[in-house]
Structures are given as structure tokens and as C-alpha cells.
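Student: What follows is each chain in one-letter form.
2 protein chains.
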Amino acid sequence: MDGEEFRQRGRQMVDLIVDYVNSFRDRPVVPNVQPGYLRPLIPPEAPQEGESFDKILADIEPVVLAGVTNWHHPNFHAYYPTASSYPAILGDMLSDAIACIGFSWIASPACTELETVMMDWLAKALGLPDHFLFSSGGRGGGVIQGTASEASLMVFLGARNDAIAKLQAAEPQGEPCELLARLVAYTSEEAHSSVERAAKLAFVRIRSLKTDEKHSLRGDALKQAIAEDRAKGLVPILCIATLGTTSSCAFDNVRELGQICNREGLWCHVDAAYAGSALLCPELRNFADGIELADSFNFNPHKWMLVTFDCSALFLRDASKIVEIFSADPIYLKHEFTGQPDYRHWQIPLGRRFRSLKIWFVMRCFGISGLQAYIRKHVSLAKEFEALILADGRFEVVEEVTLGLVCFRLKGTNEATEALYRTLREDQRIHLVASKFHSSGVYFLRFVVCSSQCESKDIRFAHSVIMEAANKLGK
Amino acid sequence: MDGEEFRQRGRQMVDLIVDYVNSFRDRPVVPNVQPGYLRPLIPPEAPQEGESFDKILADIEPVVLAGVTNWHHPNFHAYYPTASSYPAILGDMLSDAIACIGFSWIASPACTELETVMMDWLAKALGLPDHFLFSSGGRGGGVIQGTASEASLMVFLGARNDAIAKLQAAEPQGEPCELLARLVAYTSEEAHSSVERAAKLAFVRIRSLKTDEKHSLRGDALKQAIAEDRAKGLVPILCIATLGTTSSCAFDNVRELGQICNREGLWCHVDAAYAGSALLCPELRNFADGIELADSFNFNPHKWMLVTFDCSALFLRDASKIVEIFSADPIYLKHEFTGQPDYRHWQIPLGRRFRSLKIWFVMRCFGISGLQAYIRKHVSLAKEFEALILADGRFEVVEEVTLGLVCFRLKGTNEATEALYRTLREDQRIHLVASKFHSSGVYFLRFVVCSSQCESKDIRFAHSVIMEAANKLGK
Numbered sequence: 001m002d003g004e005e006f007r008q009r010g011r012q013m014v015d016l017i018v019d020y021v022n023s024f025r026d027r028p029v030v031p032n033v034q035p036g037y038l039r040p041l042i043p044p045e046a047p048q049e050g051e052s053f054d055k056i057l058a059d060i061e062p063v064v065l066a067g068v069t070n071w072h073h074p075n076f077h078a079y080y081p082t083a084s085s086y087p088a089i090l091g092d093m094l095s096d097a098i099a100c101i102g103f104s105w106i107a108s109p110a111c112t113e114l115e116t117v118m119m120d121w122l123a124k125a126l127g128l129p130d131h132f133l134f135s136s137g138g139r140g141g142g143v144i145q146g147t148a149s150e151a152s153l154m155v156f157l158g159a160r161n162d163a164i165a166k167l168q169a170a171e172p173q174g175e176p177c178e179l180l181a182r183l184v185a186y187t188s189e190e191a192h193s194s195v196e197r198a199a200k201l202a203f204v205r206i207r208s209l210k211t212d213e214k215h216s217l218r219g220d221a222l223k224q225a226i227a228e229d230r231a232k233g234l235v236p237i238l239c240i241a242t243l244g245t246t247s248s249c250a251f252d253n254v255r256e257l258g259q260i261c262n263r264e265g266l267w268c269h270v271d272a273a274y275a276g277s278a279l280l281c282p283e284l285r286n287f288a289d290g291i292e293l294a295d296s297f298n299f300n301p302h303k304w305m306l307v308t309f310d311c312s313a314l315f316l317r318d319a320s321k322i323v324e325i326f327s328a329d330p331i332y333l334k335h336e337f338t339g340q341p342d343y344r345h346w347q348i349p350l351g352r353r354f355r356s357l358k359i360w361f362v363m364r365c366f367g368i369s370g371l372q373a374y375i376r377k378h379v380s381l382a383k384e385f386e387a388l389i390l391a392d393g394r395f396e397v398v399e400e401v402t403l404g405l406v407c408f409r410l411k412g413t414n415e416a417t418e419a420l421y422r423t424l425r426e427d428q429r430i431h432l433v434a435s436k437f438h439s440s441g442v443y444f445l446r447f448v449v450c451s452s453q454c455e456s457k458d459i460r461f462a463h464s465v466i467m468e469a470a471n472k473l474g475k
Numbered sequence: 001m002d003g004e005e006f007r008q009r010g011r012q013m014v015d016l017i018v019d020y021v022n023s024f025r026d027r028p029v030v031p032n033v034q035p036g037y038l039r040p041l042i043p044p045e046a047p048q049e050g051e052s053f054d055k056i057l058a059d060i061e062p063v064v065l066a067g068v069t070n071w072h073h074p075n076f077h078a079y080y081p082t083a084s085s086y087p088a089i090l091g092d093m094l095s096d097a098i099a100c101i102g103f104s105w106i107a108s109p110a111c112t113e114l115e116t117v118m119m120d121w122l123a124k125a126l127g128l129p130d131h132f133l134f135s136s137g138g139r140g141g142g143v144i145q146g147t148a149s150e151a152s153l154m155v156f157l158g159a160r161n162d163a164i165a166k167l168q169a170a171e172p173q174g175e176p177c178e179l180l181a182r183l184v185a186y187t188s189e190e191a192h193s194s195v196e197r198a199a200k201l202a203f204v205r206i207r208s209l210k211t212d213e214k215h216s217l218r219g220d221a222l223k224q225a226i227a228e229d230r231a232k233g234l235v236p237i238l239c240i241a242t243l244g245t246t247s248s249c250a251f252d253n254v255r256e257l258g259q260i261c262n263r264e265g266l267w268c269h270v271d272a273a274y275a276g277s278a279l280l281c282p283e284l285r286n287f288a289d290g291i292e293l294a295d296s297f298n299f300n301p302h303k304w305m306l307v308t309f310d311c312s313a314l315f316l317r318d319a320s321k322i323v324e325i326f327s328a329d330p331i332y333l334k335h336e337f338t339g340q341p342d343y344r345h346w347q348i349p350l351g352r353r354f355r356s357l358k359i360w361f362v363m364r365c366f367g368i369s370g371l372q373a374y375i376r377k378h379v380s381l382a383k384e385f386e387a388l389i390l391a392d393g394r395f396e397v398v399e400e401v402t403l404g405l406v407c408f409r410l411k412g413t414n415e416a417t418e419a420l421y422r423t424l425r426e427d428q429r430i431h432l433v434a435s436k437f438h439s440s441g442v443y444f445l446r447f448v449v450c451s452s453q454c455e456s457k458d459i460r461f462a463h464s465v466i467m468e469a470a471n472k473l474g475k
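Protein sequence lines correspond, in order, to chains A and B. For the first sequence, the UniProt record's numbering assigns the number 1 to the initial residue and increments by one for each residue that follows. For the second sequence, the UniProt record's numbering assigns the number 1 to the initial residue and increments by one for each residue that follows.
Don't take each hint at face value.
Unchecked claim - Which residues of chain A face chain B? A few of them, derived with a C-beta cut under 7 angstroms, are:
1. 28
2. 31
3. 48
4. 50
5. 51
6. 67
7. 69
8. 71
9. 93
10. 96
11. 98
12. 121
13. 150
14. 364
15. 435
16. 436
In case anyone wonders, no lab produced these hints; they're calculated from the structure. We treat Cβ as the ideally placed atom computed from N, Cα and C, and that holds for glycine.
Okay, chain A solo, but in the shape it has when bound (with noise of 0.2 angstroms):
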């Protein structure tokens, strides 16, 4: 395909993505096939000679669209969301023409500056502390992760390693595994199981400690834990806190997990993968109280910020501690600049795409307002969608509705809300999932506004499929 067929290719993949977008009232948002469904219909193997592209244009309905699950259907409520956006998909089309491999200054200067800049633009738009910006001068700084599960893995790493360091530099003899043996980090029970991966393969024990009331870990439980394992002889290193929990969207209290760390010394990271987005509006930013003793803070512009995934956006306090573990520089990565950073030493990949691009088009094409409008909206459809089920008395709401999520129930023991869930997957009308709390057991579903397509009429149906599946259950 050379240049000139590509700009007619090019259009009508433009016209199919607007076609499919448009298309979504028209198609179920879970799609009606069963495992396997697509290995018969194309080829066991590869052709052996290339075909035109309008056979692969044709097999894009049948094989690709009749099979996916669209995530941006208005009736899409499941899990958190993911951002999609035209702007997002321009500055990706931009980042795939260039193509760049940006592990270093030198291996593309635009992509590793326009990255600083833009972290810099997301920590001031969200009110973040000025340690996390490159332009307050210090150790800070933002970097692109694919997920929040890869900045939780780093955040995993430098912390294990700069303890290791430190207990070494105090016992010259200690062996490293020893010295791992000791460490331990803590988190909510309440925390995405991320979290507690991230644990497993930085070989690092991690505690889930009990919340309270409202599924918030406190200071208490953390002072308590810390005193626990020092007198075990442990080393407390890490507390991840999180901000919005997948299972409910309950909120840490960063504040007294803030000071507790920094005094006893340990690193305070924030996830707030889903709920960071929210910080764009002002009179949104009580659950962050205290942000400024974190030391490093993540967020996914992929989930609530109409930044097509992937870019999870993770700063960091003092970002020497995640390059020192990344410290192999062989000869033919070397290279004579220096005063920008060389994100290779930030991430767990080499390469990297130019996906500041896209954050760099969502935030001119919306604008600070822009965006803060479409949260605004989210969070209002939320409300509208809680009001709804509260006017039913058999329902109950489970956890405060801060943000975009709704976690409701049936009253009662948790059988009646699983039969509902059971018809509404049989149903398929709606998309969403169930979710239980750790600490007592109850069981509820989580309504998530999720498209950019979402209205209030899609809110009333939502709640109308509802009402018809618990009237048929006879509740």
C-alpha cells in the first residue's frame, strides 16, 4: 500500500470509525457469540500473497464488529470507563506516523519533552502538588505507564529497592534476599487486585488491612500494622493508598495515611486510577485531602479523561529512586545529551510510543472547561441513576455516591442481588458487573456511567431493564 492508496484508505477508515461510533443504538452492547466463535471464519494460516484491502474492509462487520464488546455503548455500565475520543484517536494516528521509539532524549526530542509538558499541564490541571511538576526545578516529575498496574509495579520496585539499599548501606553482610525477607507494604482490602499482584512480583509481602465504615483504610489501621511488624522485626517500606476503589469508589484517607508515612518513613503512593480525573473539578477534590504528603500519585487519563487508552499518568516525589533501579546503560543507548530525562529509566519497557500526542490534542480540543463539563455530566447521571433506584424501597445504595458509580442492591440477604444479577446478564439489555465488599460480604452491582454517549434517557431505561428483571424475580 504506498502513499496515494493509503489517503483513500485512510479516509474510509475515517468514515468507518464514525459509521461504527454512530452505530452503537443499533447494536447490543455485549455481543451474541459464544467462545470460539471466530477461528472458522478466517484462515488457518497467513495468505501467501497480499490481498486488496477492500477484503479486509469487508471482514471488519462479520469477524471484528459482530464480536466485540463495545465499551462506549450508551448502555455500557460495567467495570470503570475507558476513554475514547476523536481527538485521542487523531493524536494517535500522529504517534503511529512517526513511529519514533522514545527511550531516550535522543532516540526522538519531541516525544520525551512534549511528555514533560504535558504531565506538567495534568498536575497543574488537577491541582496536584508543585513536587510532582519537572517545572518546580526538583527530583519530581510525571511519566506515561501503560496502566495503572505497571505504575504500581514501579512504584513496587524503587520502594523494595531504595529499602534494600538502605538496610545494606546499615548491614554491609545483609544478604538481598534476606534483607527482602523483612520488608512488607500495606494497602486496603478494599484495593484493585493490581495492587496485591504488584506485590507478587516484586517478591514483596503486602498486608491488606481492615477499613472502616465507609471502606476507607485510616491511619489507625496503618500505625497499628506498622507497630505489628516492627516488632516482628519487619521493615515497613510502602502504603499504597487509593482513591476511588474499583469495587465501590470508596476513598483512602490520604491525609492520616500521609502523615503516618512520612513520619514513620515510608512511601506514600496514591492510585487513584478512576477518581484522579475528577480532580479537574474544584469542588471535587475533597477525597484528595492531604495529596501533598503522597510521593508519588497515579492516575489514568484512560479511563475518565477522554485520553484513548493506553496512558496512565504516574508522579513521582523523588524520581531518582525508580531510575536508580534501571540503571543498565549499555553502550549503543548512550548518548551525549543530558538535562531531560531518558523515560527508558522510568518504565518497565524500553520502547515507548509518542502518547503525550494525544493528551496534548484531548486537552486543546476541550479545553480545562471541556473537560470539566463531561465529568460534571458523569457525576450528575450518577445522581439521577441513585435518586432513580432510592425511590424503589426494595433497593438500597451501599456506598456514598461521590463520583460516576452507583453500587446498589436488593435489601435483604445477598441471593435476591445475585438472581438479579443472573437476569440482567441473560437479559443483556445493560452491561454491568457485581462486586462484594471484603469486609462484610455484601454482595451488590455496580451501575458505572460510562460512554460519552450516555444521556438521562439511558440512565431511565437502565433503571426501567432493572426494575422489570426484579419484577420478574417477584421482588
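Assemble the complex: chain A is given as a structure, and chain B must be docked to it using the hints.
Tutor: Here is chain B on its own, set in the frame of chain A:
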């Protein structure tokens, strides 16, 4: 930006892409910018109100394109190639439009299923052993990782946890960190820095073994290392063999290493990040002799197979060893479908893009024949460069030219070649990097055929620039 505006902006971006790709010969390969050039060119914070896309388009040339290193420029001969092609860009556009997060089958059936078939297509096209195919019905299969660094890390984590589980079965009282302290992995002293990095991250001891005179890790070196380490009470778990080292495109002896690994119970991983794509050509498969002995294999279609970054293909003989590391399975990610992989257990991130689309588009548009022709052309251009270099008695080629890399130097001490490198860097008409053999300390320049636009005239041009530089130095 609504759909109708995107139809217009998308067309503008498609045209901008083609114009950019057509403009390389009018651009420098490395940009004429100094560190810090970008920040003054754009505002210090995001705009409050949204801006017209026209303003963004106007900034692309001065802010972005003026500061990128043009990896697809015909005079780019550094590192290894990174792929780019129009069909791959079209695949990514569709992926961005669908914007699903395919972490499980239900999260988007097409995303999971197309990937399983594409991994089989790749394995068959490269002539990999059946145990890496899903269609063989065993425990094997492939997965798209972001980079070879992540693939290596996955392998380290899998081998580490598998070994610890086995040790714990034999010694139930063993503390995990004590068992960890006994593990040891092996690689060649010429392996990529990401292998050493992966070992550090996984907290597994690694030994870089000496290579033979062709910079190839041989069976005897591994055998001796295993014996030494067993005598010390260590537990050898993994050998990472490289096919096509980054430094000089040397090839470890997979048959010898694989036989020892199989016999001694070590995981044998083969990292063919760059060279793997050459296996598309049957006449180039000699270097992979013994590949049927490997437990895992990785190559990067995003390097030399025209699939735009990121797309690193990892194949496993027994995927369960990786999957079991990631057993965290919270209720909100559970679903009732089985029989297809839940790729979230095959990688470090939870979320994932629909990257198999670009493999599908590329393999269909080019066909196996087109991809083979691409590889063969690059190999032939490298041979052409080698012949030109060898025609001048001042130069020597220090590694056999098998694929697209030519390692050359001025005869004599390193200083002369170091001076030549500095001269070429100042000249800036071509871009290449230097390297050094670990064993001998011999310093050399790496000339890689990278760009899909690279032609014989570009090889002759690069050669003339190098001769000019050598003459200038009075060599």
C-alpha cells in the same frame, strides 16, 4: 469534535501522515534541536477553553515534527529498525475506535480470539514448533506483549515462581525469600540490557556467560556454569538465549543450550526480538536450529515485520506457568465463559489494546511473500554495504553479516573508530550508533538497514559519508 468534524480532521491527518512520510529526504534524520527546545514553544498550562483543531494542526510541524528523530528516514541506521506501515496504522485506527480493554474473553471476545489466531498465524509463518500453537491443543500459545523487555520479565517471573513452588513442595518449611536466594538464571554476556534488567526486577540472580569467538553462547559454557552453581547449592532455573544480539546480531547456539536445559530441568527462553522476523524466509532459518527445544520464544513484529510499535510476540510451551503467577481474580473481573485464554493472566498490565488487528492487516496486505521480499531486500542491502566497506582496506567487518546489521570499524585501536563515530555524529547526515564486544573490548560501529524507504542509493550515500569522515580524519 463531533463525528462530522472528525471525518474532515481525519482526512487532514491522513494527508498530513502521507506528506510527512514522503518528506524524509527533505528532512534531517536527527533534528536540529537542543535539550529544552520544546517547553518555550507551548503554554505552561492547558487552555481553559477548547481550541480549534486548526491551531493544533499549525503547531505540529514547528513543535513536533521539527523535534523528532526520523526513525523511518532512509539515512537512519541506528539501533535496530522499528516497523511502520500504512496497513498497521489502519489497524491501530480501528483499535482506537473500538477502544475496548480486552483483559478477558467477555471484555471483548473478538480482541481475545483474533489474537489467538494471529499468534498461530505468526508461529506458522516463522516455522515455529507446534507446541507454541493454540491450534495444537496443548498448553501452549502466544500473546502480544508490549516489548521484548516485558516478555523477558514475564519469563523470569514464570520461571522464578515455578521453581519456588517446586522447592516449596520438597521443603514445606522453606521461606520464600530463602528459596529465592538460591535461584540462578543464565544468559550471554552479549545479551540485551533488558535481560539483566528483568533479572533485577524479578530479584533473581543472573550470570552473564562468556561466548565463543563468534559471540555465541555455547552449551559447554552453560554446562560448566550449572555444575559450578549446583556445587554451591544454587538452583539453576532459566537460560535466556539470544538469536540476533543487539550489539552485533550474534546467535547463541539454541540446540546446545536447549538440550542442556531440557536435560537439566531449566526453562529455555529464546529472545529473537530483531532476528525472529527473518524466520519468515526458509533460507534464513539456520540460525534457529534447535528451536523445538525452547520453552518460550519471543520476537518483535514491531521491529522488522512492518507492524507498528508496540507488538512483541511471546510464545509459550506451557502457558499455565505464567498464568498461575497472576491468580488474583476479583469478583468484578469474573465471568462464566471458558475455553479461551483470559489474557490478563498472560501479562503485567490488566488492560490491553486490540493489537492483533494490525498484525491481521499487515499479514493480509503484504502476504507472506511480501513480508519475505521485505526481509530479503534489507539483507541484500546490508550485504551491499558490507561489500562497499570491505573494498576499502582501512576497514574491517567484525561480525558475520547474516541479516540487516553490519558491524565495522577502522582497523587498529579503538581510538580511530571512536573518532570516526564523533565525526559522523557531528556530520549528522546519517544516524548510527556504536557498540563494543564485552569479551574483547573491541569498539565498532553498527550500520543497520532500517527504513522501508532505504534503497541502494542510500547505502552508497551512507558509505560515501563514512569514507568522507574517515578521509577527514586522515585515516
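Student: Indicate, hint by hint, whether the structure satisfies it.
Tutor: Checked hints:
1. With a cut of 7 angstroms, the hint placing residue 28/A at the interface with chain B is violated, because the nearest CB-to-CB distance is about 12 angstroms.
2. The interface hint given for residue 31/A holds, since its Cβ lies 6 angstroms from the closest Cβ of chain B, which is under the 7 angstroms cut-off.
3. Interface hint at residue 48/A: satisfied, since its Cβ lies 5 angstroms from the closest Cβ of chain B, which is below the 7 angstroms cut-off.
4. Hint status for residue 50/A: holds, given a least beta-carbon distance of 4 angstroms to chain B, under 7 angstroms.
5. At about 5 angstroms, the closest approach between the beta carbon of residue 51/A and any beta carbon in chain B falls short of 7 angstroms, and the interface hint on this residue holds.
6. Here the hint on residue 67/A is kept, as its CB sits about 3 angstroms from the closest CB of chain B, short of 7 angstroms.
7. Because the smallest distance between the Cβ of residue 69/A and any Cβ of chain B comes to about 4 angstroms, under 7 angstroms, the interface hint for this residue holds.
8. Checking residue 71/A against chain B: minimum C-beta separation of about 5 angstroms stays under 7 angstroms; hint holds.
9. Hint status for residue 93/A relative to chain B: holds, with the closest Cβ pair at about 5 angstroms, below 7 angstroms.
10. Below 7 angstroms, beta-carbon pairs count as interface contacts, and residue 96/A has one with chain B at about 5 angstroms; its hint therefore holds.
11. A cut of 7 angstroms between beta carbons decides the hint on residue 98/A: the least distance to chain B is about 5 angstroms, and the hint holds.
12. The interface hint given for residue 121/A holds, since its Cβ lies 5 angstroms from the closest Cβ of chain B, which is under the 7 angstroms cut-off.
13. Because the closest C-beta pair between residue 150/A and chain B is about 6 angstroms apart, less than 7 angstroms, the hint holds.
14. With 7 angstroms as the threshold, the beta carbon of residue 364/A comes within range of chain B, its nearest partner Cβ sitting at about 5 angstroms, so the hint holds.
15. Here the hint on residue 435/A is kept, as its CB sits about 5 angstroms from the closest CB of chain B, short of 7 angstroms.
16. With 7 angstroms as the threshold, the beta carbon of residue 436/A comes within range of chain B, its nearest partner Cβ sitting at about 5 angstroms, so the hint holds.
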